[in-house]
Amino acid sequence: MCMLPAAQRVRYAEEFSDELFELSHDEQVGYALRLLGRSWSLRHVLNDSLRNSRVPRPRPIPVLATMTAVLVTVSGVSSGARTAEPGDRLWPLTMVCYSKPARSVATATEAQAYLKHMSDTLARVRTGGADRAGQVEDALRAVDDEVSCVEVEKGAGTLRDERASSVSGSGWWGHR
Amino acid sequence: MTLPTQLVIRTLLYEPTREMYGLEICAAAELPSGTIHPILARLEQAGWLESRWEDVDPSEKGRPRRRYYRLTSDGAELARAALVRARTSGAAVARLRPHLAGGPA
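Listed in order, the protein sequences are those of chains A and B.
Be aware that the first sequence starts at 3, since it is given in the numbering used here, and climbs by one per residue.
Be aware that the second sequence starts at 49, since it is given in the numbering used here, and climbs by one per residue.
For the record, the hints were derived by calculation from the structure and aren't laboratory data.
Ideal Cβ placement from N, Cα and C applies to all residues, glycine included.
You may find that some hints are simply not true.
To be verified - Interface residues of chain A toward chain B, partial, derived using beta-carbon atoms under 7 Å:
1) E16
2) E17
3) V31
4) L37
5) L48
6) Y100
7) D163
Full structure from sequences and hints, please.
Below, the structure is given as structure tokens:
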């Protein structure tokens, strides 16, 4: 009886005991031996039954649909993160997944802001003294350093053009 | 399908609506007692058979309860079809169990 799955032992113990009860003493020994001989077979059948009831087979269609949905979502987010810019919702993901291009974009953004600041400053000091002009030139040199960190495909050329036009427009380009 | 399984099915199909307990099935199929429980368990697992405990008080009856088996309606149809498809010829069953060879009811 201990060979059978625990969940079925009580049922078969009662069933076998009834059958033993109804047999004569001589028949009981043969019955018990035959039960013993069939116990592995019965155990096998009952274990199959338990396995089938406990572990439902995965349904291929929902699994495939879920996998497709996950794939589409991941690829969409990944694609969005690739082109995200500072301030976008996906920017933190971009910093993690595309750290090198993200650093480049961040530098370009900062340099652009800095360039605008310098351009404004330059306009204000147009009538100012030479000492302030020297400060502006130092600042522009710093912008050049920033721009050199930016990859070409991330807008380095555009930044250089902006920097050149802002400086030449102000009349300071020739001093460098 | 093995010959003992065919004999059990033929026995149950003989009177499909009648409930029978293990020893009774063994006796009707002329199989040794204690040999049919794996067959019954497999048929029950397949949904061909249903079983229930005898509705009596063991202390009143002076014996343990019996476990009764009966073919389900779907099981009876499937069992008939399976017997038709079974490789073992009816002649073999007729030779071994003449009273069951007349065909299921």
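Against the structure, the hints come out as follows:
Interface restraint check for E16(A): the shortest CB-CB distance to chain B comes to about 6 Å, inside 7 Å, so the restraint holds. Residue-level restraint check for E17(A) holds (minimum Cβ-Cβ distance to chain B is 4 Å; threshold 7 Å). The beta carbon of V31(A) is not positioned within 7 Å of any beta carbon in chain B (closest approach about 11 Å), and the interface hint is therefore violated. A cut of 7 Å between beta carbons decides the hint on L37(A): the least distance to chain B is about 4 Å, and the hint holds.
With 7 Å as the threshold, the beta carbon of L48(A) comes within range of chain B, its nearest partner Cβ sitting at about 6 Å, so the hint holds. Contact between Y100(A) and chain B, as hinted, is not supported at the beta carbon level, the nearest pair being about 56 Å apart and thus beyond 7 Å. Violation of the interface hint for D163(A) is found here, the shortest Cβ-Cβ separation to chain B being roughly 79 Å, above the 7 Å cut-off.
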